[in-house]
Amino acid sequence: MTTPGDRSGSTLGPYRLVRRIGRGGMGEVYEAVDTVKDRTVALKLLPPHLADDDEFRTRFLRESQTAARLNDPHVIPIHDYGEIDGQLYLDMRIVDGEDLRALIGRGPLPAERAVDIVAQIAGALDSAHQAGLTHRDVKPENILLDARGFAYLVDFGLVLSAGQTALTSTGSAIGSFNYMAPERFGTGAPVGPASDTYSLACVLFECLTGAKPFGTDSMEQIIAGHLHRPLPTTGTAFDAAIARGTAKNPADRYPTTGEFAAAARATLAGSAPPMPQTPGPLLGATQVAPAGTYPPPQPPAPAPSSPQRSATTPLLAGVAVIAVLALAGVLVWMFLSGNDPDSAAQPTDAAAAEPTDTTLTVTATASPPQTSTDRQTRPAGDLGLPVPISDPPCDGSTVAVVYNAVTPGAYAQEVGAALARYPGASYLRTDQSCRSLKQAENGNPIYAVYYPGATPAETCSIKARVGGDTYARRLDDRTPVGTEVC
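Just so we're aligned: 188 in full-length UniProt numbering is position 188 of the sequence shown, and the numbers increase by one with no gaps anywhere.
Hints in this document: simulated from the structure, not taken from any laboratory.
Glycine included, each C-beta is placed from N, C-alpha and C at the ideal position.
One thing to keep in mind: the hints can contain errors.
To be verified - Estimated spans, in silico, between C-beta atoms of each pair:
#1 D469 to D85: 38 to 46 Å
#2 R435 to D382: 20 to 28 Å
#3 G105 to P14: 21 to 29 Å
#4 N444 to S10: 51 to 59 Å
#5 G468 to G13: 33 to 41 Å
#6 S10 to K37: 17 to 25 Å
#7 G132 to G107: 31 to 39 Å
#8 D6 to N442: 50 to 58 Å
#9 N71 to S8: 53 to 61 Å
#10 N444 to D477: 19 to 27 Å
#11 G22 to A147: 17 to 25 Å
Whenever a hint applies, use it, and build me the whole structure from the sequences.
Here it is as structure tokens:
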């Protein structure tokens, strides 16, 4: 029996679709029979609307060709790829086994099994990186295991080629929030092989603990964790390797994914891992919770009053602002509970939580006095807040703008309050950013507080969830100012 949208029993060109074996945010996978070559394959069908995007189609076909040439045993072989009747597809070897998500779903893995799987996938990633490809979506669902325990990495048709940053209007943030490196959220650091290392280190964390790195309570909590907090500890000897593998600065991670795997193997063997070429994050710098646990929420802070706003409402309109955090404090932990952003893309995940009432928790500590050196090292336009100003690339990616500050002399107060109201958000100054954003209001700069979206659809989902005057914009230098994404 098929479910709505299930194409089992239909045909696509030479393929007869037997049964649907998986689905997610980037399409569906069917067991299919290639009637020309008389073989059973795994056929991935991308969402139909992606074929209408010329840039995405061009990138998909080009990078599928590159991925099909990869010859690593742990890269799932791509037999064919292309477009049939407006449907983009990937024809891959079918694996008789299960994905890593199913295995983790039965409980944390023994360290030996976890390290073995991660090392196999690290080999696949090193091969891809040497070919100039970055995977960008390393997660348990994309790691397949056969009956022998042999691991394959899949979805190489949705990767990013080195130097190909222009063709990213639709797929610029392909990936799952639970495993995405900080630079994937527009910090300004380059996206590359180190981004895959970060994701693989998150996978090792989940293999050992059975828990996703920053929980599943809300998208905001997950993004804030990747941007500003170290991973919780696992309580094992692997914490040092995971901490370096998930360093916020890509330059502080292992030089290659293989070196991360080597450090994990050395830890497993009881020997010291290789001396880092660059220092990793200090494990004791921030207090973190034991494996699988997270700091409990504190009682909600009283709702502060709203500061005065300019009488003029600019195009970059925000929602009502709350008062600034305690003047002597900086934000060190926030929770905003909601639904799991992966649940829409992973409908079979029984652990996905239902939406809950929103609760904001703030803990403050004394802030050290600001020195002249601190002020001199800030990026241009930075307001000196705990969250630094961001400079997202103008590459066609999309953002949901939740607030804008337009009052000279009150920028820091307004932006600081908005960042407290929207955990995990970032801010930018529009006249230092993309020309698709309104550059000024009455001659004064505009500071926009925003969430990045993984795709335009995800950005629109954020807009709907936040509500109010939130709006979606594309970041580039071509789109006319004021053009809505949704």
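Hints versus structure:
A beta carbon spacing of about 41 Å between D469 and D85 agrees with the range 38 to 46 Å that was offered as a hint. The hinted window of 20 to 28 Å between R435 and D382 holds, with their beta carbons roughly 21 Å apart. For the pair G105 and P14, the supplied restraint of 21 to 29 Å is violated, since their beta-carbon distance comes to about 35 Å. Between N444 and S10 the beta carbon distance is about 58 Å. The supplied range of 51 to 59 Å therefore holds.
Evaluation of the 33 to 41 Å hint for G468 and G13 yields a failure: the beta carbon distance comes to about 46 Å. Checked against the hint of 17 to 25 Å, the pair S10 and K37 passes, with Cβ atoms roughly 19 Å apart. Take G132 and G107: their Cβ atoms lie about 38 Å apart, and the range 31 to 39 Å holds. The beta-carbon spacing between D6 and N442, approximately 55 Å, falls within the hinted interval of 50 to 58 Å.
Checked against the hint of 53 to 61 Å, the C-beta distance between N71 and S8 comes to roughly 32 Å, which is inconsistent with it. The hinted window of 19 to 27 Å between N444 and D477 holds, with their beta carbons roughly 22 Å apart. About 18 Å separates the C-beta atoms of G22 and A147, a value consistent with the hinted range of 17 to 25 Å.
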